[in-house]
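Novice: Sequence:
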Amino acid sequence: MVAYCGRFILNLTSLTAPLRELTKANTLWEWTSTQDAAFQATKHAFSADTTLVYFNPSKDTEISVDASPVGLGAVLSQKGDDGAWAPVAYASRALTVTEQRYSHIEKEAIAIHSGCRNSHLSIYSHPFVVHTDHKPLIPLFNKSASQPPPRIKKWILQLQEYQFSVVYRPGAQNPADYLSRHARPVTPHEEEEAEAVEEYVRLERFRPPRCP
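Residue numbers for the sequence shown, in the UniProt record's numbering: 1 to 212.
It is worth saying that the hints were derived from the structure and are not from the lab. Treat the hints loosely; a few may be bogus.
[As the list claims (entries may be wrong)] Listed next, the in silico DSSO-like pairs over lysine-lysine satisfying Cα-Cα at most 30 Å (straight line):
{"id": "1", "residue 1": "K143", "residue 2": "K154"}
{"id": "2", "residue 1": "K24", "residue 2": "K79"}
{"id": "3", "residue 1": "K59", "residue 2": "K79"}
{"id": "4", "residue 1": "K24", "residue 2": "K43"}
{"id": "5", "residue 1": "K79", "residue 2": "K143"}
{"id": "6", "residue 1": "K153", "residue 2": "K135"}
{"id": "7", "residue 1": "K59", "residue 2": "K43"}
{"id": "8", "residue 1": "K24", "residue 2": "K135"}
{"id": "9", "residue 1": "K43", "residue 2": "K79"}
{"id": "10", "residue 1": "K59", "residue 2": "K135"}
{"id": "11", "residue 1": "K143", "residue 2": "K153"}
{"id": "12", "residue 1": "K135", "residue 2": "K154"}
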């Protein structure tokens, strides 16, 4: 995250100096009030006006998403006049108990669903690109003739109102990775949505096959 947003944060080198000292060889790792102050200041800088930009419908837009075993993360970004991508908004949430049992591909798929839904007011009726580090999802989302598993099918159907394509980006270049591993707690509404998906899956499993 720091590497992705660093060029937009004023005096980043000075802010993070106490933290970088801890990474040097032969340095005693000791977390003091100095390191804590540097950490808090760096966190604050991520959401400052000098870091985040206002959404502009005329600019290229992307959403980087990621899923970890415990949470989801997304970063909405736009391309500036100088060609650099700047963050517009961050989003994250923990996985529900039910979602934690999903397969890896399902977790990565719900990361796409969650990332788009969180950015609805910005991306609706506006074309954009979604970046994921999970290659198997690309044909499922980009090809209408694909036959995804029931859960992923549900999420794809719910995202049909958006104009987007899914593109691969290596995990090491994905700014959403940190957010997915440090997610906020899940809300009751998100718990209910997860249960609604499970109800859909159960109905699909018992639906009689269509006649040819």
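Novice: Which constraints among the numbered hints does this structure fail? Numbers only, ascending.
Specialist: Structure breaks hints 2 and 8.
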